[in-house]
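A.B. asks: Protein sequences, first through last, are from chains X and G. Going by our numbering, the letters in the first sequence line up with residues 172 to 671, in that order. Going by our numbering, the letters in the second sequence line up with residues 172 to 671, in that order.
Hints may be right or wrong, so weigh each one.
Copies of one chain are not kept apart here, so a pair can be met inside one copy or by any two copies together.
[Claimed, not checked] Pairs of lysine to aspartate or glutamate residues, derived as DMTMM-like cross-links and limited to a Cα-Cα distance of at most 20 Å, are as follows:
no. : residue 1 : residue 2
1   : 670       : 516
2   : 187       : 228
3   : 187       : 273
4   : 181       : 273
5   : 181       : 276
6   : 271       : 183
7   : 188       : 228
8   : 392       : 209
9   : 482       : 525
10  : 656       : 605
11  : 631       : 605
12  : 284       : 399
13  : 631       : 381
14  : 482       : 345
15  : 177       : 234
16  : 615       : 234
If you are wondering where the hints come from, they were derived from the structure by calculation, not from laboratory data.
Protein chains: 2
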Amino acid sequence: MTQKNKAYVKLEDLFKKKSVLAGASAILHWDNAVMMPDGGAAARAEQLATLGLLTHEIISSTEVSDLLDEAEESISLLSEWEAANLREMRHEWRHENSLKSDLVEAMSLATSKCELTWRQAREDSDFSLLQEELGEVVRLNQQMAKAKTEIFGCSAYDALLDQFEPGCKSADIDILFKDLQDFLPGFLDQVLDKQSVYEVSQPEGPFSVEVQQELGLEFMKALTFDFDRGRLDVSHHPFTGGIPDDVRLTTRYVTTDFTQSLMGTLHETGHALYEQNLPAEWRHQPVGDARGMAMHESQSLLIEMQLSRGKEFLSYALPLIRKAFKGEGEDWSDLNLTRLYHKVERGFIRVDADEVTYPLHVILRYRLEQALLSGDLLVKDLPAAWNDGMKELLGITPPNDALGCLQDIHWPGGAIGYFPTYTLGAMAAAQIFEAAGHALPDLKQQITAGEFTPLITWLKKHIHEKASLKSTNGMLEEATGSELKVDAFKKHLVNRYLKS
Amino acid sequence: MTQKNKAYVKLEDLFKKKSVLAGASAILHWDNAVMMPDGGAAARAEQLATLGLLTHEIISSTEVSDLLDEAEESISLLSEWEAANLREMRHEWRHENSLKSDLVEAMSLATSKCELTWRQAREDSDFSLLQEELGEVVRLNQQMAKAKTEIFGCSAYDALLDQFEPGCKSADIDILFKDLQDFLPGFLDQVLDKQSVYEVSQPEGPFSVEVQQELGLEFMKALTFDFDRGRLDVSHHPFTGGIPDDVRLTTRYVTTDFTQSLMGTLHETGHALYEQNLPAEWRHQPVGDARGMAMHESQSLLIEMQLSRGKEFLSYALPLIRKAFKGEGEDWSDLNLTRLYHKVERGFIRVDADEVTYPLHVILRYRLEQALLSGDLLVKDLPAAWNDGMKELLGITPPNDALGCLQDIHWPGGAIGYFPTYTLGAMAAAQIFEAAGHALPDLKQQITAGEFTPLITWLKKHIHEKASLKSTNGMLEEATGSELKVDAFKKHLVNRYLKS
Numbered sequence: 172m173t174q175k176n177k178a179y180v181k182l183e184d185l186f187k188k189k190s191v192l193a194g195a196s197a198i199l200h201w202d203n204a205v206m207m208p209d210g211g212a213a214a215r216a217e218q219l220a221t222l223g224l225l226t227h228e229i230i231s232s233t234e235v236s237d238l239l240d241e242a243e244e245s246i247s248l249l250s251e252w253e254a255a256n257l258r259e260m261r262h263e264w265r266h267e268n269s270l271k272s273d274l275v276e277a278m279s280l281a282t283s284k285c286e287l288t289w290r291q292a293r294e295d296s297d298f299s300l301l302q303e304e305l306g307e308v309v310r311l312n313q314q315m316a317k318a319k320t321e322i323f324g325c326s327a328y329d330a331l332l333d334q335f336e337p338g339c340k341s342a343d344i345d346i347l348f349k350d351l352q353d354f355l356p357g358f359l360d361q362v363l364d365k366q367s368v369y370e371v372s373q374p375e376g377p378f379s380v381e382v383q384q385e386l387g388l389e390f391m392k393a394l395t396f397d398f399d400r401g402r403l404d405v406s407h408h409p410f411t412g413g414i415p416d417d418v419r420l421t422t423r424y425v426t427t428d429f430t431q432s433l434m435g436t437l438h439e440t441g442h443a444l445y446e447q448n449l450p451a452e453w454r455h456q457p458v459g460d461a462r463g464m465a466m467h468e469s470q471s472l473l474i475e476m477q478l479s480r481g482k483e484f485l486s487y488a489l490p491l492i493r494k495a496f497k498g499e500g501e502d503w504s505d506l507n508l509t510r511l512y513h514k515v516e517r518g519f520i521r522v523d524a525d526e527v528t529y530p531l532h533v534i535l536r537y538r539l540e541q542a543l544l545s546g547d548l549l550v551k552d553l554p555a556a557w558n559d560g561m562k563e564l565l566g567i568t569p570p571n572d573a574l575g576c577l578q579d580i581h582w583p584g585g586a587i588g589y590f591p592t593y594t595l596g597a598m599a600a601a602q603i604f605e606a607a608g609h610a611l612p613d614l615k616q617q618i619t620a621g622e623f624t625p626l627i628t629w630l631k632k633h634i635h636e637k638a639s640l641k642s643t644n645g646m647l648e649e650a651t652g653s654e655l656k657v658d659a660f661k662k663h664l665v666n667r668y669l670k671s
Numbered sequence: 172m173t174q175k176n177k178a179y180v181k182l183e184d185l186f187k188k189k190s191v192l193a194g195a196s197a198i199l200h201w202d203n204a205v206m207m208p209d210g211g212a213a214a215r216a217e218q219l220a221t222l223g224l225l226t227h228e229i230i231s232s233t234e235v236s237d238l239l240d241e242a243e244e245s246i247s248l249l250s251e252w253e254a255a256n257l258r259e260m261r262h263e264w265r266h267e268n269s270l271k272s273d274l275v276e277a278m279s280l281a282t283s284k285c286e287l288t289w290r291q292a293r294e295d296s297d298f299s300l301l302q303e304e305l306g307e308v309v310r311l312n313q314q315m316a317k318a319k320t321e322i323f324g325c326s327a328y329d330a331l332l333d334q335f336e337p338g339c340k341s342a343d344i345d346i347l348f349k350d351l352q353d354f355l356p357g358f359l360d361q362v363l364d365k366q367s368v369y370e371v372s373q374p375e376g377p378f379s380v381e382v383q384q385e386l387g388l389e390f391m392k393a394l395t396f397d398f399d400r401g402r403l404d405v406s407h408h409p410f411t412g413g414i415p416d417d418v419r420l421t422t423r424y425v426t427t428d429f430t431q432s433l434m435g436t437l438h439e440t441g442h443a444l445y446e447q448n449l450p451a452e453w454r455h456q457p458v459g460d461a462r463g464m465a466m467h468e469s470q471s472l473l474i475e476m477q478l479s480r481g482k483e484f485l486s487y488a489l490p491l492i493r494k495a496f497k498g499e500g501e502d503w504s505d506l507n508l509t510r511l512y513h514k515v516e517r518g519f520i521r522v523d524a525d526e527v528t529y530p531l532h533v534i535l536r537y538r539l540e541q542a543l544l545s546g547d548l549l550v551k552d553l554p555a556a557w558n559d560g561m562k563e564l565l566g567i568t569p570p571n572d573a574l575g576c577l578q579d580i581h582w583p584g585g586a587i588g589y590f591p592t593y594t595l596g597a598m599a600a601a602q603i604f605e606a607a608g609h610a611l612p613d614l615k616q617q618i619t620a621g622e623f624t625p626l627i628t629w630l631k632k633h634i635h636e637k638a639s640l641k642s643t644n645g646m647l648e649e650a651t652g653s654e655l656k657v658d659a660f661k662k663h664l665v666n667r668y669l670k671s
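Here chain X stands alone, though its shape is the one from the complex (with noise of 0.2 Å):
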């Protein structure tokens, strides 16, 4: 018999009991934002934290530490996997060690609290209900980066960052963006030049939620989404949650737009493919779980921008759409609904953004987080700094909060340094759909046919399958010959609206 890392193997122990624990809380936070009743939310609350105590006393417990440099010490008995998930588990290690127990129950209690209030604040459009609450959050999280900037040796804003896109630093996302912001408002311009001959209509509804929700499953069936391991429900804000095995979509309907829940749906089966397509064998292990943030972004747009608003898609879509709705006429024809899933604007929603502007929403927040988290922004001079951003970036004023800096969950919910894996996962995904096309030479007529199968099996085989083997730019270098790069996004962007 082979001689064993015994510490490791008690390390996969104590952090599957961690995984099978998130797990139980990933479905308990869907449930709160698609099923809970209001009445429920102080008790959901209290579920929330003290089960994030006990996964953070379980990983940041005296034996994990002891265990860690014991495993360590014994890394050349390890397989290339195990060794991947003994840095994992190193890494989690270090941030959860990062945090005192009760910080981690005072974040987890305040959070559950400012998403509810949230709500209502943007139903009110009212942010004066949300600022106190959400002051508690951005404190805490001052508190959580301070603590964390000591073992990380690294910036307050990067380590809060490395919790959403490990390994990832602003410096390396500033010299990104900033390709970007040069490139974007000149281009944006012409996009907006060359669209504004020709009128775009809206097909008129009502659309029946039934109707939008049966295509949405139709498309998911189509692109091997397996509803035997998951499911697709309604939330204020769509989201994909559960755990690999029982993956939980979520979309809005409204009646008067097909095209946004149906897009939406789209989205989120890209990353709910991610999930499915996790290696069951490491299930519950850290080197089992998708990579990060930013290539978590990658899977979803590359499902809903580079493939669904391709022409090759549309040319399949469209029909099933049409018939679905019983659509007929000019507003229906090919053209229109190619230019309406093509429309770029000046828009306020960051959600309902086209991916020529997307960006610089996402530049936005950003700013205004790091602001935040340094201090440099109060938390009461949000909404006058984000409308200034807006006019700034974009060149509008947002009319009241509900579509200014109400709009996202992701601040309430206590997530600082995750916004920019928006634009990361956008520039992934272009990389990795221009590699796909590369080794995929039917890839296009496959698409054109409603077949893909044969691109969700690469997708799987590069992305997927590789859950936290790598680094991020370690699997796109694999995937696509290089790491994170600007160019084939905006190739991308410069194909589809202008020379299409």
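Please build the complex by placing chain G on the supplied structure of chain X, with the hints as guidance.
C.D. replies: Structure of chain G alone, referenced to chain X:
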């Protein structure tokens, strides 16, 4: 400052933590039955097992044991409710401490698995699918009972019974059930004779699920159910789950018959009101929990059988039902619908049984589960024994196991010792409703007018808010003037089925 029972205060913290985790499990258990896709079952079973183990470990710890000893020494420092809480803590500790962690975990995994298999076995009416896994659940129950008999100094069956109905002994049940068995067969013949002289017709469907659901929601609202702290959904086997501030009711709809889902919803509403009206100031403490399953069932049966099938409630409800389904003609007359709701017959399915034959279904299960536990009956012989018992008690033989021993989730779910509480509850319901009638002289007129607040307020004061302060019989004595007897139940049956 007054002296404090410091050990007791620490116990409150620990039991709260346990209760919060148990609440998380309760929501996940509801999700299992209502939302979860099949592929999520294995992961969910792990979640529930891990949570079950954690709650077990909290209560059975040496720390709790020491604290209980210490707190009991200073019990004189405690208020009446605190002292009762300490008594309930000790009781819970005895149950948890009787079991080793590996048995708790094995039971949780085995029952999660067995419940899932049961769904399939029932659908296929194939007992052989279930036999092995049910055998494992029975074996684990035997181990569990053996461990408990040593702690509680009682028989194996009584040790399991005590989990669901604390303090209840099979010797007491035997006396009550013998009284029923002496009474019911002759009474059933009389009722069937009386009902044989007229025809009852079932109004013709289909009855849309939406309308059935709306009616159910309307009655729930009239009965003061708080929708801010609960919701109604659909599952295979109706149940009331969740937690007091987030009660999750389920029912099931068939489009050929609206009466089942309506009465099912009313039944679960009785359970739900008990949970919602538990004292908020004792939330998360053992004394704040519902008294036991007999008392819980008394509340569901009080609403379903005593209240909702009574002529006063029907005179309020039948016009609403006719209006909702646009029912016209003889089938929809007060007389026919009342006869439909009072119809007695020898049927196969317990949950569809009328209140006259229901106790016979329970007596069958009570006998069989005692025999399964003692080993006198082997799991493989269960279908035959079931059918023999049905023949003896009800005079009919199920044509297949779906209509026989596969109909209930209880044994696959690990609950042996639960069934008798249904009939104990039926007796208690009659006794409590009779007392409410004496206390509220205008009760009949109020019910006829659809005013249920006086009744629910009385129940809240005398039953719901008492939680676990007293024993079941102690609470019954205070509320009704007598411990549990068969008299009120028999009187009720005679009045409804022979005299009206």
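A.B. asks: Please write out, lowest number first, the hints stated earlier that are contradicted by the structure.
C.D. replies: Numbers 6, 13, 14 and 16 - these are the hints that the structure violates, sorted from lowest upward.
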